[in-house]
Amino acid sequence: MTLTAEEILERLKEKLGDAILNYEVKEYKMGVKRPRTYQEIWMEINRDAFRKAVEAIFEIDYPHLHFIAGEDVGEALTMIYSFGVFHSHPWGEVSIVMKLDLPKSNLVLPTITDLMIGAETNEREIREMLGVEFEGLKNKRHLFLPDDWSEGKYPWRRDEYGVEDMIKHTHKSVREIRKQRGEQNG
Amino acid sequence: MGKLTNFKRSLWVFHASGGSCNACDIEIIAALTPRYDAERFGIKLVGSPRHADVLLVTGAIPRDFADKLRRIYEQMPDPKAVVVIGNCGTTGGVFYDSYNIAGPIDEVIPVDVYVPGCPPRPEAIIDGIVKAWLKIEKLEKELEGKEK
Amino acid sequence: MAKTTYYIPVGPIHPALKEPIRVEAEVEGEKIVKVDVKRGFAHRGIEYMGMKRNAIQTLYLSERICGICSISHPYAFVIGSEKALGIEAPPRAQYIRTIIAELERIHSHILWLGVIAHEIGFDPLLFWTWKGREKVLDILEAITGNRINYAMYMIGGVRRDLKESHIKALRDMITYYWEFTEHMKEVFLSDPVYKARTRGVAQLSKEMALKLNVVGPTARAAGIRMDVRQDIPYDAYADMDVKAIVPQDIVGEARGDAYDITMVRLYEIEQSLDIIEFCLDNLPEGKILAIPNYVALLNKIKKTEGEAIGAHEAPRGEVIHYLKYDGTRDGPAVWKVIAPSYNNINSWAPLLLGAEVADIPVVVAYIDPCMCCNDRVAVVEDSSGRLLDYSYLHKKAVEKTRKLEKELGVRR
Numbered sequence: 003m004t005l006t007a008e009e010i011l012e013r014l015k016e017k018l019g020d021a022i023l024n025y026e027v028k029e030y031k032m033g034v035k036r037p038r039t040y041q042e043i044w045m046e047i048n049r050d051a052f053r054k055a056v057e058a059i060f061e062i063d064y065p066h067l068h069f070i071a072g073e074d075v076g077e078a079l080t081m082i083y084s085f086g087v088f089h090s091h092p093w094g095e096v097s098i099v100m101k102l103d104l105p106k107s108n109l110v111l112p113t114i115t116d117l118m119i120g121a122e123t124n125e126r127e128i129r130e131m132l133g134v135e136f137e138g139l140k141n142k143r144h145l146f147l148p149d150d151w152s153e154g155k156y157p158w159r160r161d162e163y164g165v166e167d168m169i170k171h172t173h174k175s176v177r178e179i180r181k182q183r184g185e186q187n188g
Numbered sequence: 056m057g058k059l060t061n062f063k064r065s066l067w068v069f070h071a072s073g074g075s076c077n078a079c080d081i082e083i084i085a086a087l088t089p090r091y092d093a094e095r096f097g098i099k100l101v102g103s104p105r106h107a108d109v110l111l112v113t114g115a116i117p118r119d120f121a122d123k124l125r126r127i128y129e130q131m132p133d134p135k136a137v138v139v140i141g142n143c144g145t146t147g148g149v150f151y152d153s154y155n156i157a158g159p160i161d162e163v164i165p166v167d168v169y170v171p172g173c174p175p176r177p178e179a180i181i182d183g184i185v186k187a188w189l190k191i192e193k194l195e196k197e198l199e200g201k202e203k
Numbered sequence: 065m066a067k068t069t070y071y072i073p074v075g076p077i078h079p080a081l082k083e084p085i086r087v088e089a090e091v092e093g094e095k096i097v098k099v100d101v102k103r104g105f106a107h108r109g110i111e112y113m114g115m116k117r118n119a120i121q122t123l124y125l126s127e128r129i130c131g132i133c134s135i136s137h138p139y140a141f142v143i144g145s146e147k148a149l150g151i152e153a154p155p156r157a158q159y160i161r162t163i164i165a166e167l168e169r170i171h172s173h174i175l176w177l178g179v180i181a182h183e184i185g186f187d188p189l190l191f192w193t194w195k196g197r198e199k200v201l202d203i204l205e206a207i208t209g210n211r212i213n214y215a216m217y218m219i220g221g222v223r224r225d226l227k228e229s230h231i232k233a234l235r236d237m238i239t240y241y242w243e244f245t246e247h248m249k250e251v252f253l254s255d256p257v258y259k260a261r262t263r264g265v266a267q268l269s270k271e272m273a274l275k276l277n278v279v280g281p282t283a284r285a286a287g288i289r290m291d292v293r294q295d296i297p298y299d300a301y302a303d304m305d306v307k308a309i310v311p312q313d314i315v316g317e318a319r320g321d322a323y324d325i326t327m328v329r330l331y332e333i334e335q336s337l338d339i340i341e342f343c344l345d346n347l348p349e350g351k352i353l354a355i356p357n358y359v360a361l362l363n364k365i366k367k368t369e370g371e372a373i374g375a376h377e378a379p380r381g382e383v384i385h386y387l388k389y390d391g392t393r394d395g396p397a398v399w400k401v402i403a404p405s406y407n408n409i410n411s412w413a414p415l416l417l418g419a420e421v422a423d424i425p426v427v428v429a430y431i432d433p434c435m436c437c438n439d440r441v442a443v444v445e446d447s448s449g450r451l452l453d454y455s456y457l458h459k460k461a462v463e464k465t466r467k468l469e470k471e472l473g474v475r476r
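If you read the sequences in order, they're chains A, B and C.
Just so we're on the same page, the numbering used here is the position in the first sequence counted from 1, plus 2.
Just so we're on the same page, the numbering used here is the position in the second sequence counted from 1, plus 55.
Just so we're on the same page, the numbering used here is the position in the third sequence counted from 1, plus 64.
A couple of the hints might just be wrong.
Stated by the list, open to error - If the Cβ cut is set under 7 Å, some of the chain B residues that face chain C in the computed set are:
#1 ASN77
#2 PRO89
#3 ALA115
Treat the hints as calculated values from the structure; they're not laboratory data.
Small disclaimer: the values here were computed from a predicted structure and weren't measured.
C-beta: ideal position from N, C-alpha, C; glycine also.
The whole structure should be built from the sequences, with the hints applied where relevant.
So, in structure tokens, the structure goes:
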């Protein structure tokens, strides 16, 4: 039995109440000869309710974790979690995209690896790319970055912890020639 | 380049893939399979650099991998030749301005033959290996001369 | 005799295929007791580079995430971008995109069948399957101009049209592959040694598959009916009812082992042929690009704010791109890529625990890992001073196959 996006949203509202700061149900039309639609839920939640929100999703249906992403927005990091529920039903999968702001002074989130072992990969990646700590994550070794990676450098950060100074300008000679000629970099 | 003067030896090739996108790598395998059949010339892919005459390298070489590539190169017996397959190994290709790239390959180990293309066709790869073969023959003659 | 554990590093270099990765296994006799997987030998920082470039550059960068799925990443990228920017591709372009994606699935699945045959020691089978694979590469070359890395897709359409001659060649190809797949099914599924060598190897239960978050054929072999083409359809897939291929529909039960995954992949080749045929029969007329001028396209991107998820069912499973355009740059402000192997490699550690050394190549190959070379050169020696490299592991795998052949009385 599958639920529609509206029904899922109702259930989440029941569980989370005020913790949902903002929400939107997006609808996309697909197909040429027989156009049909599917829906996605996009919501912003309070960071304190994160664990509760994830548990609420797991109660609705055992989800498939699409991705965990993050964006550096200056004072805070916006974390983006996307879960797919009711996959394995034709036209039935509903993506639940959850966003929450983490102030840079307190970059800690509870892990979800106890609910889904497979999330370890995602959490380890976010940890090394953005510097978010996951409470309860067991394996904290580097995943994609080399083991001798310098501490406190996070490739996706746009502040002083970023990697601007580590960039190898592969085609630097071309850039230099352009500079000599007085051309703009293009 | 001259012509191959003899087929005295068969050429054993080792393939190291350093952060390539796989395209070159599957074309290397395709070069060995029946349509192109490089094995009829005695060109054979081997599992260890210690047995190889020619090293094929693909990819943009991530930082972590540069040291491993050097070690592979040092394990190979002389005379040896290095063939770079693909654009990203030759110049960096689309993988420029990254924090985790140590390539192009000629900044890590000495390279003899470049085969550009994204990916190069199997014919081009075989052609590259034959060019390396010519170089090895030349090196061998020099080595023989020294012994005399 | 005291029990000694040996340490076997598998990786990061090996001739067969794909990207470098390292599996570190501790073994007692033949049994694996501890496993650790180290990835990242192929980490090029692609997402970082993409967030610095414009959308068209990033599209072709995404093509080079993986050369085998070289249409899957652009597909997810254009679907995500079109959803975020509110562009709709013309009907003809949508159908052409689907055809190209299915052609890629055919070549990728045949490639995998060859690889698994090689891993268990059937090299003639590797050569035979790859010979059959050349046909679809020829078609791809005729349509797109390159055997791999096709540069075919564009945000809002495709860059090259299908000609009458292409359609005829495609129909010939479909006939060819119906026959070839029938033959492959016979060779792979009825062979007693292949069955003995893969039944029960790399077995993943349904619960475990869900928990490990695996996708694509790996999940389907375990009996989960998930397929992006069915769950959240897009392009021409939305016009037909694609059904996920699961072993329980074919033989009545799903065991989730290497044999089941072979079956899933073989039947998916046939499914792809059906899909291509449907697309050719219903191919709409019309233009192929929503915004033919790329400067205008980039300008539109620069002015549009939006974010979306693009998903595509690649040969190995679900590819997901999250894209955010912030209205100030002509490229994505945030770009997150999840490739199928990202999730599927999760299954290695639990599957290898308790398995035999001779099964390592099968377990490693069965998800069809898509990092360039699940590559292995052992530089470390074990405690007895012996050098263990991938050729040793491969030899063990082949020995086991030969032993089975003898026991089953198969003569070759």
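Cross-check of the supplied hints:
The restraint placing ASN77 (chain B) at the interface with chain C holds, with a minimum CB-CB distance near 4 Å, inside the 7 Å limit. Against a cut-off of 7 Å between C-beta atoms, the interface hint on PRO89 (chain B) holds, since the closest Cβ of chain C lies about 4 Å away. A distance limit of 7 Å between C-beta atoms decides the matter here; for ALA115 (chain B) the minimum to chain C is near 6 Å, and the interface restraint holds.
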